[in-house]
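Generate coordinates for the entire structure from the input sequences, incorporating the hints supplied.
Protein chains: 4
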Amino acid sequence: PRIQPNYTKSRHGEIELQWPAGSRPRNIMFVKKPGVQVTRDALVEFAEHITTTYPETNIILEPTVAASLHHRLSKPVYTLPPPNQHSSPFPFTQSPDARTPYHFATDEPTSPPISPASPDPTQPFFARNLYQTYADAVITLGGDGTILYAASLFSTTTSVPPFLTFAMGTLGFLGTHKYSTYESAFRSLYTAATASSAPLQVLPRHRLSAVSSSGHQLNAMNELTLHRGQTPHLAHIDIEVNGHLLTEAVADGIIISTPTGSTAYSLSSGGCILHPSVGSLLLTPICPRSLSFRPLVLPRDVEILVRLSRRSRGNGVEVSVDGRTWGTMAVGEEVRVRLEGGGGHALGTGEIENSGIGMLGIPCVKREGGEDAWVGGLNRLLKFNYAFGEEME
Amino acid sequence: PRIQPNYTKSRHGEIELQWPAGSRPRNIMFVKKPGVQVTRDALVEFAEHITTTYPETNIILEPTVAASLHHRLSKPVYTLPPPNQHSSPFPFTQSPDARTPYHFATDEPTSPPISPASPDPTQPFFARNLYQTYADAVITLGGDGTILYAASLFSTTTSVPPFLTFAMGTLGFLGTHKYSTYESAFRSLYTAATASSAPLQVLPRHRLSAVSSSGHQLNAMNELTLHRGQTPHLAHIDIEVNGHLLTEAVADGIIISTPTGSTAYSLSSGGCILHPSVGSLLLTPICPRSLSFRPLVLPRDVEILVRLSRRSRGNGVEVSVDGRTWGTMAVGEEVRVRLEGGGGHALGTGEIENSGIGMLGIPCVKREGGEDAWVGGLNRLLKFNYAFGEEME
Amino acid sequence: PRIQPNYTKSRHGEIELQWPAGSRPRNIMFVKKPGVQVTRDALVEFAEHITTTYPETNIILEPTVAASLHHRLSKPVYTLPPPNQHSSPFPFTQSPDARTPYHFATDEPTSPPISPASPDPTQPFFARNLYQTYADAVITLGGDGTILYAASLFSTTTSVPPFLTFAMGTLGFLGTHKYSTYESAFRSLYTAATASSAPLQVLPRHRLSAVSSSGHQLNAMNELTLHRGQTPHLAHIDIEVNGHLLTEAVADGIIISTPTGSTAYSLSSGGCILHPSVGSLLLTPICPRSLSFRPLVLPRDVEILVRLSRRSRGNGVEVSVDGRTWGTMAVGEEVRVRLEGGGGHALGTGEIENSGIGMLGIPCVKREGGEDAWVGGLNRLLKFNYAFGEEME
Amino acid sequence: PRIQPNYTKSRHGEIELQWPAGSRPRNIMFVKKPGVQVTRDALVEFAEHITTTYPETNIILEPTVAASLHHRLSKPVYTLPPPNQHSSPFPFTQSPDARTPYHFATDEPTSPPISPASPDPTQPFFARNLYQTYADAVITLGGDGTILYAASLFSTTTSVPPFLTFAMGTLGFLGTHKYSTYESAFRSLYTAATASSAPLQVLPRHRLSAVSSSGHQLNAMNELTLHRGQTPHLAHIDIEVNGHLLTEAVADGIIISTPTGSTAYSLSSGGCILHPSVGSLLLTPICPRSLSFRPLVLPRDVEILVRLSRRSRGNGVEVSVDGRTWGTMAVGEEVRVRLEGGGGHALGTGEIENSGIGMLGIPCVKREGGEDAWVGGLNRLLKFNYAFGEEME
Ligand SMILES: NC(=O)C1=CN([C@@H]2O[C@H](COP(=O)(O)OP(=O)(O)OC[C@H]3O[C@@H](n4cnc5c(N)ncnc54)[C@H](O)[C@@H]3O)[C@@H](O)[C@H]2O)C=CC1
Ligand SMILES: NC(=O)C1=CN([C@@H]2O[C@H](COP(=O)(O)OP(=O)(O)OC[C@H]3O[C@@H](n4cnc5c(N)ncnc54)[C@H](O)[C@@H]3O)[C@@H](O)[C@H]2O)C=CC1
Ligand SMILES: NC(=O)C1=CN([C@@H]2O[C@H](COP(=O)(O)OP(=O)(O)OC[C@H]3O[C@@H](n4cnc5c(N)ncnc54)[C@H](O)[C@@H]3O)[C@@H](O)[C@H]2O)C=CC1
Ligand SMILES: NC(=O)C1=CN([C@@H]2O[C@H](COP(=O)(O)OP(=O)(O)OC[C@H]3O[C@@H](n4cnc5c(N)ncnc54)[C@H](O)[C@@H]3O)[C@@H](O)[C@H]2O)C=CC1
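Chains as they are written, first to last, in this note's numbering: chain A, 1 to 393; chain B, 1001 to 1393; chain C, 2001 to 2393; chain D, 3001 to 3393.
FYI, nobody ran anything at the bench for these hints, they're computed from the structure.
There is no bait here: all hints are sound.
So these bits of chain D aren't anywhere near chain A, every CB distance computed over 10 Å:
#1 Gln3004
#2 Asn3006
#3 His3012
#4 Ser3023
#5 Pro3034
#6 Val3036
#7 Gln3037
#8 Thr3064
#9 Tyr3149
#10 Gly3314
#11 Asn3315
#12 Glu3368
Residues from chain D shown here face chain A by an in silico Cβ test under 8 Å; the list is partial:
#13 Ser3292
#14 Arg3294
#15 Leu3381
#16 Lys3383
#17 Tyr3386
#18 Phe3388
C-beta atoms are modelled at their ideal positions from N, C-alpha and C, and glycine is treated no differently.
In structure tokens:
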């Protein structure tokens, strides 16, 4: 049901997005930073602009956002039924508005973007699947945390719709567009097609794919982290690469990071910085009991296995993905990590990727005509290579 | 004239070498660690074994090695005429032997591996071209320095013959085979063909390709280094990535390293470790006047430009390649660095590479049935992640 | 009631211990690594040796150790009443032995080393005070953890008896004596006096002194750590030095370490190594969100104040001392840290210290005639500056 | 002949300067950054102010400075005879002025600040001694380089006059006073005495003292550095601490740094930051061939010996002091380094130091009422702990 764009590699090495002939994105999902008035207002303004200018598009919101904003929008929005108070991660206060009724999916009997027959729509996993099935594009309004959160809604699919990310007020490292350009930025995405003069370039943010020994699978944008958490004792973690023991880490924990995540937790732990289009995984220890555990960059086709060593004391290590707890790993359990799509070969020039095999990670729309946002981010946000002194008196 | 192997990528991601149908390597070049008796004796033993067992093969040596060892070999060897005393980097003492005359190239009128008509054979560049034209395989006897030296003989070609590297006495990080296995190791290389049961796996050691503003070009196995040398003042180096200024380094110098070189100078300067099959360049500062110049890993298709900044004092910085001085860079001069073959796409499964476009760097024959030599090297040689204490009393 | 040694600084800068004229240590406290047979046996052997050879000495044990070992000792031992099952940190199984009754303090009415009138002997703080009041010397049998544990029993006094530390089986970084030398090592301590030919050198392990805003105070041998614990969000910690804001750390946490602790957690977090007799505090961040938070070494007379910043989200940070949880610090609370005795001046040559003002930290008896145990530990246990490679084949 | 101030340690740990009863500084030496108009003008203005306001004072300049500025000053200045063209490190152009004759020392027959009978005044060592003999205070106008240069003029004495350092235009890390405050800053220094309401606080910048095996001795403000220089091969340097081998460094070089120098070259090499009043030496390797050579902080009373190891290839290492070449160290030669005055004990509260035994290093006048200049410098100049991102759009 969702409209898959094609992705082609240009001669200059850029990945370009275009909608299939005759198609346009129809269901636009918004994710916003919670609890801030500025993103609330921006969402309303932006959504109104879209539904007015491109009448055939629909807006998808998360239940709580829909509940709090639908009455400010002139067109019904699509969402999931509100989760139960209990299963909801955020307190949910429904404030129905008489004038603009709160539109559940059931309001749209023909070709609903979100099926009414959902068996148990309060299940977060189920919810994710719905977004994954219908959202043709995702717009984020907020900082890096908002992008990571939006990414988490697509963490169980291998085919992620294009992300158009707007920084609101403060600039994060992952956000690219200024909110003030929202009209032209959306138009570029909406009209991206072969004929269009300016091809729409995307940065495929590689994800890593983690499978636990219990069979759960998740894709991460930043990293998978194992940490002793509040256990006072050092974690002992065996690390295998392609089936061979690499080393036993005795440490606070370890990070297996994507190139995107190399500027997140891994950087704080002493990791080096990978350009996001490097096709590698980065292994960084957190406070290791060794002077010689240097961060490692591993090639695209390796499989890393992490396992709590039998020498570990304590109650297991905490496993988290992109800053969210995934669970606790006990002795004997393990997680296998690969670069998503890493087994295949990298996309060659002119090759077209629309099979959704996950080689594009999260396709993030680049800022038009902008310099390399990464270099800018390094310098402005990370204060990369800030020279010493010589300040004027 | 030289026999180019084909290289195929297996389903398991391995690069496999095979000689073209009906062909076998014919001219085997030896490079040995100088000044050590053990490599001298090994070379004689090994060369005798080859010329006896595979009578159609020839041995190529460097002039000084030929001069000192030809009389111990039963078959004439091929070499270049001895360089002039003055142009020679090593003192050269010719000790002709009556019994086994010293065979210059001119001794072999039919199909000489090394042409007698060479205009000025004392030119080092010319010499390199001759090795590049005739050597079908290169055998090194020594440590990492010997391999780097052998690589330097092929630094101006994009098509390097396979390297079979033997550690002698001490283990280096780049050497793979134990000398005691020389007979079977050579046989595997010699007979590598489709039909052979065990395909010959090689590790393509990516090189970087550097072009100076004066038009000189060189490929490096480890790294290109800019260093203040003996100038007491800090170097100021502008670094551009794909035409955009990345940063100005104020430092002792900078290193642009291949994945192979990530365990060499870059490691000493605080760089992270890249698996040699990662297709990236690594940028590491040497003693920067900044707390926040973290090493960077850049993708395969970037071009890095380094230029002495106008703010530099002093007489330029020293540029060296793989530990050998390349020259001094003055204000206004620049060097451009790419991953060799980085513009193209990575080799896909089943694709065959025999065009010599330089995507294989230095194809190094892997040890048969061996575990990942890289993991072994990390642990044994770099003492990677050596755990603290708890030594027995 | 306890016998305070005098400490003098020799011309060579060594701190030398001697008992006051006519005095000898009378109450010897043993602390051993729990759960290991070898330390159990060693304690019995060592204690028997002492009580036999120096009949006027008494042995002090912790209640659980006393309970499990008193029947193997020929002379009654002194201890505290067993703590309540509930307040005890370790499961306590009393196994009274008919033959050698279990001697509580009450068995020794005259000049009891441990007062029978203790109001509530199950209070750990009270217990510590008793050890602090009577133990003339402390002998540890175990690794670094055992020494840290023994030190924690004296964490609320400024005057710590001399420690004689024995490594058992494995060598730790802090332990000094080999168990096999226990007889001579104890004799040197016992007989240390002006007249003795070989003066007894001690290493004064400086402690840090921490005071919480709630008024609790504790001395640490290794470090005070603030850590986000299991909170997924970064901690924001304001750090003041002598009343001036130094910086706000946004990080997993921070470590304020003694020189002794510089080889513990701080080292894993990237700190440098301080010789234990440097009179400084070391401030090391744990995974800071900054590229430029380099560890700091602060002079002996500073006061460092750490406070949860108002910008912190989450439920406070965990505060721990020498690897033991001290509590959780909420927004508004703070801890002040000084080098113990740091306000005074360093001991000058020939000056005598017996006032117990805490300038000697934990006086650890050095190994006789040994080389600097610290250099040995660096090299053998921390694998300091392990050279690369060049391993023999 | 020079007037030695007394230094007392206050109860708050501050070192306070006061001139002996009835004395005032008489000979004021100026050192300025060369080649910059702004420091030239400042020197003239400042010197005129001093000689006008405090008529009994004399000005001492270096020969080249005297030559170029004496005609702009209304009172004769004292200097050395101009060095020979050949021995001079800077080109020297004498421009005598008829109106205000260029005053060599010979112009001042009675109580000359600089003796006319100097045997060979072109000797730099001799020159230094003269400054050391007569300058009662040193004023620097320029950045860190100027202060280091001024310090080098006193590198062979153990008793350095107080330094009053002014930043000109740009702020360095070591400079303290703003030029605009020059009048009050000098007055505070001039009038510093017991009776003065505001005692004059100085920061004693500890120096290290280096003695070569050839008998030369030098004190350094920042560091002693051993570096391979332009030798391509790694230096092998044996390091002994108090006569025991600590380790063999295989590296580009090593740095032995004072606390002051911890923010200079050592910082670039990965060293930690020591507060300048920490009484320790810091040992930092430069690009070591080891993953586990962590910087070391050594106590005040150690002696470090560095020696070129017999395993070194090449022509020795370059030894430099505070960024100036001291010489080349060959195999067999060695340098011994101590903290200047480190053998003695630290100054106790109320103790008076006027014996010139070198425990005060370079006494640098602190800015009045200023916050800790060190904290300010860390934050403003070193960008210590610059937080990431979250820049406003
Ligand atoms: N000590 C540390 O540095 C820690 C870092 N984290 C990071 O926080 C992430 C989760 O973020 P939130 O839930 O928003 O937590 P948060 O709101 O605490 O934000 C963490 C910080 O990381 C930044 N960030 C996130 N991803 C980034 C990236 N790829 N490149 C550069 N900066 C990035 C954010 O802008 C924010 O400043 C995790 O994926 C992990 O990487 C998590 C725990 C500790
Ligand atoms: N401070 C340092 O660490 C310095 C390192 N070098 C390195 O030395 C290399 C030249 O080597 P040689 O001419 O033999 O000089 P060399 O004989 O001085 O050897 C340098 C050391 O580096 C090791 N090495 C070389 N390449 C390596 C690699 N790719 N991975 C791991 N170890 C490696 C060698 O085994 C040897 O131990 C340069 O390419 C540069 O990388 C050069 C100067 C300084
Ligand atoms: N990531 C890390 O490195 C962490 C380290 N720690 C350290 O553990 C200490 C507590 O030790 P335990 O309770 O025995 O826990 P533990 O049994 O987990 O031992 C920690 C390790 O640190 C070593 N160690 C302790 N003090 C040392 C010192 N001063 N110098 C060198 N090595 C030292 C011990 O030998 C042991 O190998 C804490 O004071 C803290 O310094 C605590 C948490 C995390
Ligand atoms: N890669 C590096 O970082 C290198 C640093 N140096 C340092 O340069 C010093 C000599 O300085 P100059 O002759 O002026 O050379 P320079 O004019 O090249 O200045 C070096 C830089 O270091 C700064 N600096 C000097 N001492 C400092 C200190 N104690 N704390 C903080 N910053 C300091 C100066 O402000 C200047 O920015 C040497 O003592 C050495 O420490 C020397 C060579 C290489």
